[in-house]
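A.B. asks: The residues making up each chain are set out below.
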Amino acid sequence: MWSLGPVGFAAPWLLLGLTALPILWILLRAVPPAPIRRRFPGVALLLGLSDDETQSDRTPWWLLLLRLLAVAAVIVGFAGPVLNPQNARGGTGNLVIVLDGTWAGAPTWQAKLDQVDTLLSEAALANRRVAVLSLTDLPTDDIPFAAPNEWQNRLLNLQPRPWQPGTPADWFAGRTDTFETYWIADGLDWEGRSDLLVTLETKGAVTVFQTPRQTIGLRPARFEDGQIIVSATRTPAGNATDTTITAIGLDPAGVERPLATVPMTFAAGDAAAETAMVLPAELRNRITRFEITGTRSAGAVSLTDDALKRREVALIAGTDNREGLELLSPLYYLREALSPTADLIDGTLEDILLANPDVIVLADVANLAGAESDALLTWVENGGMLLRFAGPRLAASDLGRMTEDPLLPVRLRSGGRSVGGAMSWGKPKTLAPFSPDSPFFGLTAPVDVTVTSQVMAQPDPTLADRVIAGLADGTPLVTRKFTGAGQIVLVHVTANAEWSSLPLSGLFVQMLERLAVSTRPATPDATELAGTTWRPNKVLDAYGRLDDGGTLPGVAGALLAKGTPGPTLPPGLYAGSDRQLAINVIGKDTMLNAAEWPARIAIEGMAAARETALKGGLLTAALLLLVVDIIASLAIGGRLRGPRADVAAALALLFLWAPDAQAQQADAFALRATSEVILGHVLTGDTQTDDIAQAGLRGLSQTLFRRTSIEPGAPLGVDLERDELAFFPFLYWPVTADQPLPSRDAYTKLNRYLRSGGMIMFDTRDADTARFGSGSPEGRKLQAIARSLDIPALEPVPSDHVLTRSFYLLQDFPGRYASRDVWVEAAPTDVTQIEGMPFRNLNDGVTPVIIGGNDWASAWAVGPNGNRMFPVGRGTAGERQREIALRFGVNVIMHVLTGNYKSDQVHIPDLLDRLGQ
Amino acid sequence: MKPLALRSNAETLAAPLPALLADAEHLATTVLLGDHGRRRAGVGDTFWQYRPAQPHDAARSIDWRRSARSDASFVQDKEWQIAQSIILWVDQAASMTFTSDDNLPTKAARARTLALACAILLIRGGERVGLTGLRLPPRRGEAQLMQMAGLLSQDDATDYGAPDAQGMLPHSRALFVSDFLGDLQPVEDALLRAADRGVRGALLQVLDPQEEAFPFDGRTIFESMSGTVRHETRKAGDLKHRYLERLAARKDRLRHLARTTGWQFQTHHTGQSAANALLWLFGALERRT
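If you read the sequences in order, they're chains H and X.
FYI, numbering that gives the first Met the number 0 numbers position 598 of the first sequence as 597, with every residue one higher than the one before it.
FYI, numbering that gives the first Met the number 0 numbers position 41 of the second sequence as 40, with every residue one higher than the one before it.
The set of hints was computed from the structure by calculation and includes no laboratory data.
From a predicted model like this one, the values you see are computed outputs, not experimental measurements.
Hints are supplied without guarantee of correctness; some may be wrong.
As the list claims (entries may be wrong) - Label pairs and their computed distance ranges (CB to CB):
(1) Ala736(H) <-> Gln271(X): 34 to 42 Å
(2) Glu244(X) <-> Asp690(H): 17 to 25 Å
(3) Arg28(H) <-> Gln165(X): 42 to 50 Å
(4) Ala667(H) <-> Gln271(X): 35 to 43 Å
(5) Gln687(H) <-> Lys239(X): 22 to 30 Å
(6) Ala33(H) <-> Arg241(X): 49 to 57 Å
(7) Glu141(X) <-> Asp690(H): 26 to 34 Å
(8) Gly615(H) <-> Asp100(X): 55 to 63 Å
(9) Ala612(H) <-> Arg241(X): 52 to 60 Å
(10) Arg28(H) <-> Ser7(X): 57 to 65 Å
(11) Gly615(H) <-> Gln271(X): 49 to 57 Å
Glycine residues also receive a C-beta, built at the ideal position from the N, C-alpha and C atoms.
Could you put together the complete structure from these sequences and hints?
C.D. replies: Next up, the structure:
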């Protein structure tokens, strides 16, 4: 291809034609514009007059220039100019196009596919066999070489994956073919990349396509000092960059929305950035993920699991603290243990219950007021966790002595016991190992934890089940009872160090964690995960979108413990028995590195400029120039002024104003249709049918106006293709045998109309000759029309349908013909008639269609002079039938506009009965 | 144009006007009975005056009702009423068939309609109407109108028409309708001959709006209707001014001619309402000079 600057020409020899332009100039210049012949009787007066000037016998220079430009544009256009011509790469033999296919390439995936498409086109020119492979999604068997155009068809199936390639080098090493490689890289380094490069180089030449592009990854958020720390890393570290981080979660209405947004700035040259988010606990617990705003990549999304959730714990102590004795406060150790991992709430019990905390701790509280106790019980039954600690007050009270208190897990013996004190026998008791049923199983009880006093549980048949920790002598230390959805736990010692050294030990904190009073550390370790199976709840794709993971198989805990996403462990949210775990693309200390290529590898950027064929544009320009030339020539020749000028001006105006006029027309239509209630009829294209429908709706509108409070305006014909349907509550559609089917767009409009509560009344107007469903031409046409419509199941109008009583009481629905075959949306099958009630209780929506063939419009139709246009029946009976037809029309419009209001009125007697009237 | 259509058009145009009574001064020699009061006693139907009976009056002419109121005998005189003769000439040459717009009538159609409407009014008023050139001598009655419509509907092949001054009765009235775009000499001759014989009348110039406006531009070849006369110009727009000057000069000459011979002159455009022109004709033929 011969090129001139950025423009190449497919047929440069044609450009020689440009040399002919000067000749054309001379030729055109010599020819004056042709004269017009006019018949004009006044010519007698002109005889003998001579022209003053003689200049216009030559074409003016600017018109010449215009024509030459047009000709030049044609010549250049046919020479096949191409902007940014791509020189074909050529090459022979097999070709493998390798894509990294990781999440880092997701934002520019389309550009990569375009690049692959271009490469495939070139390969098609060079007759090469090609395979396109994504490293994250390698086939299991051989390299699937195929013709390039076949790959072009399959290209859209290639999708990036939200993980890094595994060990593609091994896979390629196992293949025996030789091939050239085009490697479309995402720009991120990954483990095994250099191995793969070496392997590929043994197969043939390697060319790398890579665009220098910054990749940003969002690290999992962590909780520190009451604020959420969000950090991100990037590569390559470049100039200072501002990004925003959005925290997304469910709002109280259950709708996912951004809950908070914070800016984050990468300092120039820094690879990492950090920002802090301070959120109220209520909001914080709602966060499900963080995103870097505006980046479509899995690396820019960080899912949160339970790690960020902080439980709200309310602490209530029975006694006021004695001033100055901080260490003796029943709540001191609880505060110390819980404050790093939970949000503590203080206050009175009523206030606390309003805040609906996760846990309420009652430390040595014996007596609760009746209302408080009831409210607390309700809270527990709704899923709250009540943690009680014993103490002198509990021991001294009669709570739970004779019967089991609903707010205590066990009955208590009065007084409790003390061991190992100065006045008692025995030694302080140590803890027994935790049994496998206990939530504390796995914790080791330190030997230095001793108990000197405790409250004792009354032996009961249920006691053994409720003990979750005991002392070495078998007496219960912690008991638990499930109530409703919640649980009540009693620790039989005090929450301070008065009765035992438990609060002083690390075990106390661990036990609180196990009881889910405080939040656990974020990542469970491998031993904890071993043997468990986790269910993928939500799965992240490479673009950072969350999909439902319900159909994916469960994942073994061991795999989860590694935390590296891969084909078997897509990043996402995994649910275990009692908690959720997030697997993110970027881990806590994942480092992003830019891919470095050795100097021997040729690296090409992505084709920034695409080939643009200029031929079409040039030929269009030539055409426009010629149009201008026509107008200019007419002007020169005097044909624009003169007797026919108005025609030319009108044509020009028509061209200029036509679209605008159409828009104005649509506006006028909308204004007309919405200023009043307007009944619409569908234009069938048959003038007579349309006129009758118009007249029919006019008659119905008049009847409505006279008899009801509906005062419709003049009816409008509706062109399904052009007009908006949403303005009409009701459309009458006379079906003719030869009307065209609506277009796809029109069907979309119709279905939207039907779903949004509009009603269409189909009238096949053939009830005199055909019954519903029999094959009249109109019936078949109706079937064809309705095939693509969203019409529900139908039934003949039942005798208790709301149409029979929405204004008049009717049982027949005649039009010009009196057939009973009128069909409406079927009532739900589970509605049965209640004994003694005249109607079934049908409170469904307005029927979207009424289908019949009674030619209602003809019965309703009035001419412009107010006379009925068509006879109905004979004599008085006929007039009666017309009256019923009009009443049916009134009922239909009432039904459309008031819905099942009349159906609801069925309940009025009941309501009056209940009101005692 | 078909004679019947022409007749009906003309009837429509003439319908709203009162019967046209042309002035009948100096018609003593055309002793044809007509309906024009001469403001003197004579033969007629209308009461003029009572005068004392003279000896030569026949007894049967005495008005006994008047005479009974006094001692003398009275005779009732009638007003002397006579009919006027009007001769029409309508240009039927090819130049009259021109129209610039399909919505406008040709000049010929407008001229014929006007002339025939005039004739209808005159005949209703009891006048005698005929065509120049001995083709149709003045007569009254519906049959005359039919004949006239037939003759007027004929077209002439020549480019420009010239009036024929033959057959004009002395002291009668005449109406010439043409575009007067051809040679003016025959018109002048005809008018002078008419003036010699004491004939008064009206000249109605019927022009197309385009002929008045000359809205042409660019390189143009103008041709007469039969194509015999042609003129080529390269910038028709430049000619407009001079054309309009010439047209104005022609109208001036016609007006001058009319004034010297005691005629009326008026220009009518086919774009205007025909009724206006008819009103003017009504006035012009009624005028006493």
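A.B. asks: Can the suggested window of 52 to 60 Å be confirmed for the beta-carbon pair alanine 612(H) and arginine 241(X)?
C.D. replies: holds, 57 Å
A.B. asks: Regarding alanine 33(H) and arginine 241(X), is the given constraint of 49 to 57 Å on their beta-carbon distance met?
C.D. replies: About 24 Å separates the Cβ atoms of alanine 33(H) and arginine 241(X), which means 49 to 57 Å is violated.
A.B. asks: Okay, glycine 615(H) versus glutamine 271(X) on CB: inside 49 to 57 Å?
C.D. replies: The hinted range 49 to 57 Å holds for glycine 615(H) and glutamine 271(X), with Cβ atoms some 55 Å apart.
A.B. asks: Does 17 to 25 Å hold as the CB distance between glutamate 244(X) and aspartate 690(H), or does it fail?
C.D. replies: violated, 59 Å
A.B. asks: Is 22 to 30 Å a correct range for the gap between the Cβ atoms of glutamine 687(H) and lysine 239(X)?
C.D. replies: Hint violated: Cβ distance 54 Å, outside 22 to 30 Å.
A.B. asks: Quick check on a hinted range of 34 to 42 Å for alanine 736(H) and glutamine 271(X), using CB atoms only.
C.D. replies: At roughly 55 Å between Cβ atoms, glutamine 271(X) and alanine 736(H) fall outside 34 to 42 Å, so the hint is violated.
A.B. asks: Just to be sure I understand the hint, the distance between the Cβ atoms of arginine 28(H) and glutamine 165(X) should be within 42 to 50 Å; is that true here?
C.D. replies: violated, 60 Å
A.B. asks: Hint says 57 to 65 Å; check whether the CB-CB distance for arginine 28(H) and serine 7(X) agrees.
C.D. replies: Between arginine 28(H) and serine 7(X), where Cβ atoms are some 59 Å apart, the hint holds.
A.B. asks: Does the Cβ-Cβ separation between alanine 667(H) and glutamine 271(X) fall within 35 to 43 Å?
C.D. replies: holds, 37 Å
A.B. asks: Between glutamate 141(X) and aspartate 690(H), does the beta-carbon spacing fit 26 to 34 Å?
C.D. replies: With a Cβ separation near 47 Å, glutamate 141(X) and aspartate 690(H) fall outside 26 to 34 Å, so the hint is violated.
A.B. asks: Given a hint of 55 to 63 Å, does the C-beta separation of glycine 615(H) and aspartate 100(X) actually sit inside it?
C.D. replies: Once the Cβ atoms are compared, 43 Å apart, the range 55 to 63 Å for aspartate 100(X) and glycine 615(H) is violated.
Hint violations for this structure: numbers 1, 2, 3, 5, 6, 7, 8, all remaining hints satisfied.
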